[in-house]
Structure formats: structure tokens, C-alpha cells
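For the protein sequence lines, the chains are A and B, in the order given. Residue 191 is where the first sequence starts when you use our numbering, and the numbers rise one by one after that. Residue 98 is where the second sequence starts when you use our numbering, and the numbers rise one by one after that.
Misleading hints may appear alongside valid ones.
Stated by the list, open to error - Facing chain A, from chain B, some residues (calculated, C-beta under 10 Å):
(1) 116
(2) 294
(3) 302
(4) 327
Stated by the list, open to error - Sample of chain B residues at the chain A side, in silico, Cβ under 8 Å:
(5) 113
(6) 114
(7) 369
What the hints assert, rightly or not - Residues of chain A placed beyond 12 Å of chain B at every Cβ, according to the derived structure:
(8) 231
(9) 252
(10) 372
Rather than coming from a laboratory, the hints here were simulated on the basis of the structure. Given the structure is predicted, the values throughout are model-derived calculations rather than measurements. Don't be surprised by glycine CBs; every beta carbon is placed ideally from N, CA and C.
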Amino acid sequence: MADRVAWLAGWVLLALVMVPVALMVTALWQQSADVLSVGFLLEDPGRAGRSGGIAALLISTGWILALCLLVAVPVGLGCALYLSESLPADSRRAQWLGGVLDMLAAVPSIVYGLFGYQFFAITLGLGFSILSGALALSLMVLPLMIRSAEQAMRAVPMGYRQARDALALSRWGWVRRILLPCAAPGIAVGIILSAGRALAETAVLLFTAGYVLRRPDSLFDSGRTLSVHIYDLAMNVPGGMPRAAATAVVLVALLVLLNLLVRRVLRQPMTEALV
Amino acid sequence: MITTSSLPLSDRLLGLALRLCGLLAALVLGGIVVVLLVRALPFLINEGAGIWQSTWQPGQGEYGMAPMIAGSLFVSVLALVLAAPVAVLLAAWLRYFAPRLRRPVLAGVELMAGIPSVVYGLWGMLVLVPWINQWVPPGASWLAGSLVLALMIVPLALLVTDAALGQLPLRYQRAGEALALSRVGMLRRVLLPRAAPGIVGGVVLQFGRALGETMAVLMVCGNVVQWPDSVFAPVRTLTANIALEMAYATGDHRVALFVSGLLLIAVTGLLLMASWRLRGVSHG
């Protein structure tokens with residue numbers, strides 16, 4: 191009897207979570223139906239976003255994302271290598287660094303925004319620019335990047351390490367020829383996850399990359415990302431709702447694509463990456 | 098391991114570069130704390146007691162944050178109260194009652210976890226706020242914020258719970274089956290209590306995430322600085338306040354926003370440490 195009640199209760203709980211999500215999808219779809227088209231992706235926005243499309247925002251978003259990964263991926267890989275190769279997992283320093291990473295991951299994004307504003311925009315004099323935004327964002331995704339790369343590296347079989355020692359391979363050769371290729375799928379997943387996190391972020395960028403709607407002339411120009419655009423249209427622009435919803439549909443579609451990509455990469459067996 | 102001097106130059110450079118990367122990660126955290134402290138400290142020393150007052154009138158030099166601190170806490174606590182039971186029970190149900198549904202639901206939930214907070218906020222503005230407005234105006238309220246946050250918390254809380262249950266040894270389940278315990282009884286008496294530290298640790302972490310969440314809360318809470326007299330009253334959270342006022346704040350007003358940032362980082366740090374203790378993680 192109790193088990194049957196539990197069975198029913200489970201379905202109710204599942205519905206409690208799934209119905210709002212379904213409502214979200216339909217609401218976004220209904221709001222954006224009149225606006226969404228290929229032209230929406232190719233046109234620049236006009237009248238503070240009330241007309242036109244999102245081409246300029248796609249460009250700004252692309253720049254910010256590219257720069258963010260350009261910083262976060264090498265530093266993240268270096269830190270992950272340090273954790274997995276130079277430190278034994280139970281050493282004091284590894285645990286301490288792990289604690290620092292957990293802390294960084296727990297820092298609210300708006301605080302990264304405050305820090306980025308003060309340090310990159312003011313102290314380093316970069317101002318409201320794509321560069322400040324991308325740098326602040328790269329700090330925010332760093333813990334995620336490091337953790338996923340570290341996991342991938344630690345998963346490389348112990349036998350390979352023993353073979354390395356038996357053959358007296360140089361560390362650099364080991365890292366470049368064996369460790370990185372072996373861990374490549376896991377590292378790719380880390381990069382994709384970081385890109386998704388960066389695309390989804392808004393609060394970090396509000397006062398680092400700024401609000402400017404036109405296409406950026408250089409990396410020192412302010413640029414608005416898709417997520418900031420959604421916020422601004424929904425909150426500050428009367429009549430901006432349909433285009434906010436359309437932008438949200440585009441952004442969510444991008445994120446779903448990234449998620450599918452992760453699944454694809456993960457399904458690939460490790461040996462394939464070695465060839 | 099990489100420091101012996103007989104190693105080739107490339108190896109020594111590699112060791113150095115890796116060490117630098119590790120140092121950088123630590124420097125980022127230190128840098129964030131130092132930058133916030135440097136901005137906030139003079140203000141804290143001179144007018145630190147003022148932030149616990151109730152009046153937020155930056156124009157008149159009154160920087161009482163108490164209603165916003167309360168707002169942050171109220172919105173997050175209600176969100177957690179709504180989300181945690183659903184997430185924990187659903188995770189247990191998927192694992193022990195509907196194992197065939199588990200994989201597809203977890204995949205969907207992972208997707209949910211990746212949806213940006215602005216999109217959750219947008220949904221709140223489009224659907225939730227008008228809906229609450231029909232019952233009790235104005236709609237943008239403490240309740241709206243908590244509901245949106247709850248929907249954002251459920252996916253991660255569910256994944257954490259699933260992982261905690263997955264770490265239980267299989268023999269508990271086998272022993273329960275051998276004793277012909279009902280599945281509900283086994284969950285209630287054995288499995289959930291056993292996994293409780295991990296689950297609670299994960300939920301505490303979600304509380305930190307809720308406190309730090311900005312965009313969704315900013316879009317649906319109404320942002321009136323006040324002590325809410327019911328769940329239908331608008332509130333403003335600390336995070337929303339930073340996002341709203343940073344654009345035009347100057348002087349002491351801006352410093353006060355840095356103080357609230359410092360407060361946020363302190364609270365989330367404490368919550369993280371509590372979560373470590375609960376989950377039995379040691380960090381040096």
C-alpha cells in the first residue's frame with residue numbers, strides 16, 4: 191500500500207518540476223513566434239532593441255566568449271596539470287588548492303562583476319569593454335574548467351604512468367604526447383561546459399562589458415551579450431518582451447546544442463582520441 | 098616531483114609554468130577578497146554599524162541594509178523549503194521506484210541546470226508574476242522570487258542527492274530486500290538517513306547559490322526596499338540592489354555596494370565550509 195502511494199507521489203513530484211518547464215518553453219515560444227526568423231539573426235537591433243534582430247549582439251557575444259576561453263582554457267589546463275601531475279591527491283597543498291577552487295566556484299557571480307569592474311575596468315584602465323567582461327568571465331568559469339580537466343587527467347590509467355616511468359619519458363613528452371591526447375575528450379567536455387556557463391552569465395557582465403548595442407569596433411569597445419540583452423529588453427525597454435523572448439530562445443537553443451555536443455564527446459571511447 | 102635539477106630544461110619550465118597556474122587560481126580568490134576589502138574597509142570602520150539599520154537612503158547618507166539582508170534570506174529560505182523536499186524525494190523515487198525513468202529525467206534535469214538565470218527570470222515575468230497578480234497584486238513579490246529560485250535549485254539539488262544515494266553500499270538495499278522491508282520503510286529508515294550528510298551538505302551549497310543569485314530575483318521580486326509583511330509583498334535582495342544601483346552609484350554609495358558584496362562572499366564562504374563539514378571533506 192505504502193509503496194503504491196509512493197509510486198503516485200513520485201509522479202506528482204515529477205509533474206511539479208516538469209510542468210513549469212513546459213510552461214516556460216510554451217511561454218517563450220508564444221511570445222517570440224512573430225519575431226523569430228532567420229532575419230532576426232542577421233539584422234542589427236534598432237530603437238533600443240524594439241526592432242531589428244540580434245546580429246550585433248551575436249558578434250559581441252562571440253568575442254567575449256572567445257576571449258574568455260582564450261584565457262580560461264590555458265590557465266585551467268595548467269592548473270589541472272599541476273593538481274593531477276605535480277601533487278599527490280592527498281597532499282596538503284592539493285587539498286588546499288581544491289578548497290580554493292570550491293570557494294571560487296561558490297562566489298556569487300555579481301561579486302565577480304564587482305571585482306571585474308574595480309580591477310579590470312578601473313585599476314587596469316580597460317573601462318567598460320569586451321576585454322574587461324571577458325577577463326572577469328574567465329575568472330568565473332576557471333574553477334569549472336580546472337575541475338573537469340583535472341578529472342579527465344586523473345582518469346588516465348595508472349598503467350600508462352608506470353610505463354612512462356619504466357621508459358624514463360620526460361615530463362613534457364608525457365604531457366604532450368600521452369596525457370593530453372588521452373584526456374582530450376574530458377578536456378573538450380570541460381571547455382564546452384565552460385562555454386555554456388559563460389554564455390549563460392549575465393550579472394558578471396552588467397558593469398564590466400557594459401550595455402552598448404551597436405557592433406563593437408575593437409576589444410576596448412563596450413559590447414552587449416545575448417543574456418544582458420534579454421535582461422535589458424525585459425526590464426528596461428517597454429515593448430521589448432517579444433524580442434527578449436526571441437533572444438532567450440536563441441540562447442537556450444545554443445546551450446542545448448552545447449549540451450548535445452557534450453553527450454557526443456562523452457560517448458566517444460578513449461582510444462579513438464589517441465589516433 | 099618535477100623539481101630535481103637533473104631534469105631537462107623543458108621539464109623544469111613545465112614545472113614552473115604549472116606552479117604559476119596553481120598560484121594564479123589562489124591569487125584570484127585572494128585578489129577578489131583584497132579588492133573588496135580595500136574598497137569597503139574605510140567605510141566599514143567609519144560607518145560599519147550603520148549598515149544594520151533599516152533605512153536605505155543613499156542620497157541622505159543612510160546605508161541601512163537590514164531589509165535587503167532580510168530580503169535575501171527570506172527569498173532563499175522559502176525557495177529552499179519549496180525545492181529541497183521535492184528534489185530529495187524525487188531523486189530517491191527515481192533511484193528506487195522508477196529506475197527506468199532515472200536516466201532520461203536526469204538528462205532533462207541537467208539541461209534545466211544549464212538554462213541561464215535571465216531566462217528563468219524572463220519566464221517569471223511572463224508567466225508567474227501575472228499569475229500571482231491575479232490572486233494578490235502586485236505579483237512581483239517574495240513568493241515569485243522564491244518560486245523561480247526553487248525551480249532553479251531543484252535540478253542541482255536533485256543531482257547532488259542522486260550522487261549521495263549512489264554512494265551508499267548496495268548491501269543496504271540487499272539486506273532490506275532479504276528482510277522483506279517495504280521500499281518506503283527502507284528509504285525512510287535506512288537509505289535516506291545514511292545519505293543524509295551528503296544530501297544536507299549539497300542542499301546547504303544550494304542555499305549559498307540561492308543567496309548569490311542575481312538576475313532571476315532581480316526580475317521578479319519587485320525590488321522595493323522594505324520589510325515584507327507577507328509573501329505577496331515586493332522585496333529587494335542584496336544582489337539585486339548591487340545590480341540596480343551600481344550603474345549610477347558614486348562615492349560612499351558605491352562603497353556601500355562593495356560592502357554588500359563583501360557580506361555576500363562572507364556568507365557564501367561560511368555556507369561552503371558548513372557544507373564541507375557535513376560532507377566530511379577536508380581541505381587542509
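Tested hints:
About 6 Å separates the beta-carbon of residue 116 of chain B from the nearest beta-carbon of chain A, less than 10 Å, and the hint is met. Given hint, residue 294 of chain B at the interface with chain A, is violated; its Cβ is 17 Å from that chain's nearest Cβ, farther than 10 Å. The beta carbon of residue 302 of chain B is positioned within 10 Å of a beta carbon in chain A (closest approach about 7 Å), and the interface hint is therefore held. For residue 327 of chain B, the shortest C-beta to C-beta distance to chain A is roughly 22 Å, which exceeds 10 Å, and the interface hint is violated.
Nearest Cβ of chain A to the Cβ of residue 113 of chain B: about 10 Å, over the 8 Å cut. The hint is violated. Below 8 Å, beta-carbon pairs count as interface contacts, and residue 114 of chain B has one with chain A at about 6 Å; its hint therefore holds. Hint status for residue 369 of chain B: holds, given a least beta-carbon distance of 5 Å to chain A, under 8 Å. The claim that residue 231 of chain A is not at the interface with chain B holds, since no C-beta of that chain comes within 12 Å of its own (minimum 18 Å).
At the 12 Å boundary, the C-beta of residue 252 of chain A stays outside the reach of chain B, the nearest C-beta of that chain being 17 Å off. At roughly 17 Å from the closest C-beta of chain B, the C-beta of residue 372 of chain A stays outside 12 Å, upholding its exclusion from the interface.
In summary, the structure is inconsistent with hints 2, 4, 5 from the numbered list given earlier, while agreeing with the others.
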